[in-house]
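Enquirer: Listed below, chain by chain, are the residues.
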Amino acid sequence: MTTETKKIRVLVAKPGLDGHDRGAKVIARALRDAGMEVIYTGIRQTPRMIAEAALQEDVDVVGLSILSGAHMELFPRVITELESRGVDDVLLMCGGIIPEEDIPAIREMGFTGVFGPGASTVDMIEFINLSVSASRHEN
Amino acid sequence: MDATDLTSRILGGDRRALALAITHVENNTETGRAVQAGLYPRTGQAQTIGVTGSAGVGKSTLASVLAAEQRARGRTVGIVAVDPSSPFSQGAILGDRIRMQALTADGGVFLRSMASRGSLGGLSETTTGVVDLLDAAGYDIVLLETVGAGQDEVEVATATQTTVLVTAPAAGDDVQVMKAGLMEIAQVMVINKSDLAGADTTAQQLRALLSLAPAGRAWIPPIVKTVARAGDGAANLVDAIDQHQQHMRESDHAGDERRALVRSQIIALARASLYREALTMAEREGILDGLAEQVAERRTDPRTAADTLLAAMRGEGAG
Ligand SMILES: Nc1nc2c(ncn2[C@@H]2O[C@H](COP(=O)(O)OP(=O)(O)OP(=O)(O)O)[C@@H](O)[C@H]2O)c(=O)[nH]1
Ligand SMILES: [Mg+2]
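Here the protein sequences line up with chains A and B, keeping their order. Taking numbering that gives the first Met the number 0, the leading residue of the first sequence gets 0, the next gets one more, and so forth. Taking numbering that gives the first Met the number 0, the leading residue of the second sequence gets 0, the next gets one more, and so forth.
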C-alpha cells in the first residue's frame, strides 16, 4: 500500500549583491507556517546557483527577492539558466523593491507573481496555492 | 516522465530526472517505487556516509568541507540534507544549502534538501530510497545529513554504510545521548568545533565510553577532531571513513555485515508500512475514536484496544 503526499516546495533566493535578507526570511517563515517546504539559500546568489538549486531541489516555485535594483539585469539571466537546464515548469514569482513601470516587462519574462514592498504574505500564499494546484491539475 | 523513462535517464546522467525521481520517492508514489526497484541492481558502487549529531554541532559545515575534500580527491558527491518539519504546520525551512554555498556551482556535486515530514519510520524509508538513487546515479560518495534525535536516528543510520557521529566540546548532553545507544551506530566519531575549550575533555569522555564496547569488536571507531568552519581535519576524516570502508570490504564477515545492514533496512521499511496501515485503518470508520472512548471510560484497556485494531487490520488483509 502506498500513501501519496505532495508538498509544495518553494525556493526562496536572493540574487545580486544586496545583503539584506530580513524580508526574504519573513516570507520563508510565512510559507513554512502555511505548510510549504521552503529551500532557503541565503544572500548573494548568482543566476547559475539559483537555477542549480531549482533543478536539484525540484521545486514548484522559484521566488526571488531583490532590493538592489538590478532585477532587469538579473531576472532574464535566471530565466536563461533555468531554461538551459530544462526547468520549464516552475512558477516564477518575485518581490522586493520593483518600480511600477518595470512590472509589465517582468510579467512578460514569465513572472506570474509580482509582489511589491507592501504585499502581504497572505496574498503570496494564496497565489502559490492556487497556481500550483492549477498547474498540477494540468499534468 | 514515467518510471522507465526516469530510470534510463538517471543512468544516462540526467540530473533533472534524478531530481524528479527523488520527489517521487519522498512522496512515496508508485512511480518512485518502480524507479527504486529498477535502479537497485545498479547500487553498491558508492561509499555511503551518514553525518549525524545534535542540532547545531556543525553537521552541514562539516558535510560541506567533507564533500570539498572528496572532490579534491577526484570523487563526485551526492548529498541529502534533512531538516525537521514543523510539527504545527507540517511545513519546513530547509537551510542547509546556506552552509554548502561553496559546492553549489560544482557540476560534480548534487545537493538535495529534505524535510523529515515527521511520520514514524517514514524518514528512514525515504532516506534509504534517496541514498540508493544517488548511488545508482553514479555519485562516488553519497552523504546523508540528519539531526540526531534518538530512535529515529538509529533507523536512519541503516541507510548508509559508514555513520559519522558529530559532537562538539561542552555538549555534555551529547555524551549522555551516546550512552543511550547512539554510540552503537557510529563507525567514526567526530569532535567538531575543536577550536573551542573542552575538546580534550570530550575526547577523553568518548574514549572512555568506547572502551566499554563489547570485547572483540572488529572495528573500533576512531575519534577525529575537526574545525569545520576553518576546514581543519577534513583530510583526516576522509581517511578515517576510507579506512572503515576498506575494513568492510576486506573483513572476513563482509557478507554477514552487508546482510545485517539490509536486514535492518527491510525491518525498518516493513515497520513504516505497517505503521501507515495501522494508522489508515485506525482513522477509517472512526475505529480509533471508538476505541479511545472505550479506553477513556476504562471499559477496556489500551493493550486490548491495540489488539482489536490489529485484528481489524488482519481481517482486512484476509478479506
Ligand atoms: N567555533 C566553531 N563553530 C563552528 C564550527 N563548525 C561549525 N560552526 C558553527 O556552528 C553553527 C552551526 O553550524 P551548522 O553546520 O549549521 O550545524 P548543523 O549541525 O548542520 O545544524 P542543524 O542542521 O541546524 O542541526 C554555525 O554558526 C557554524 O558556523 C567549528 O569548527 N568551530
Ligand atoms: Mg545542518
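Certain hints may be false.
Simulated pairs of lysine to any residue, SDA-like, Cα-Cα distance not exceeding 25 Å [stated by the list, open to error]:
no., chain 1, residue 1, chain 2, residue 2
1, A, Lys6, B, Leu260
2, A, Lys6, A, Glu100
3, A, Lys6, B, Asn26
4, A, Lys5, B, Asp238
5, A, Lys5, B, Ser115
Honestly, the hints are just simulated from the structure, not real lab data.
Enquirer: All hints are to be evaluated individually against the structure, with a verdict given for each.
Expert: Hints versus structure:
no. : hint                : result
1   : A/Lys6 <-> B/Leu260 : violated (30 Å)
2   : A/Lys6 <-> A/Glu100 : violated (35 Å)
3   : A/Lys6 <-> B/Asn26  : holds (8 Å)
4   : A/Lys5 <-> B/Asp238 : violated (40 Å)
5   : A/Lys5 <-> B/Ser115 : holds (14 Å)
Checked against the numbered hints given earlier, this structure breaks hints 1, 2 and 4; the rest are met.
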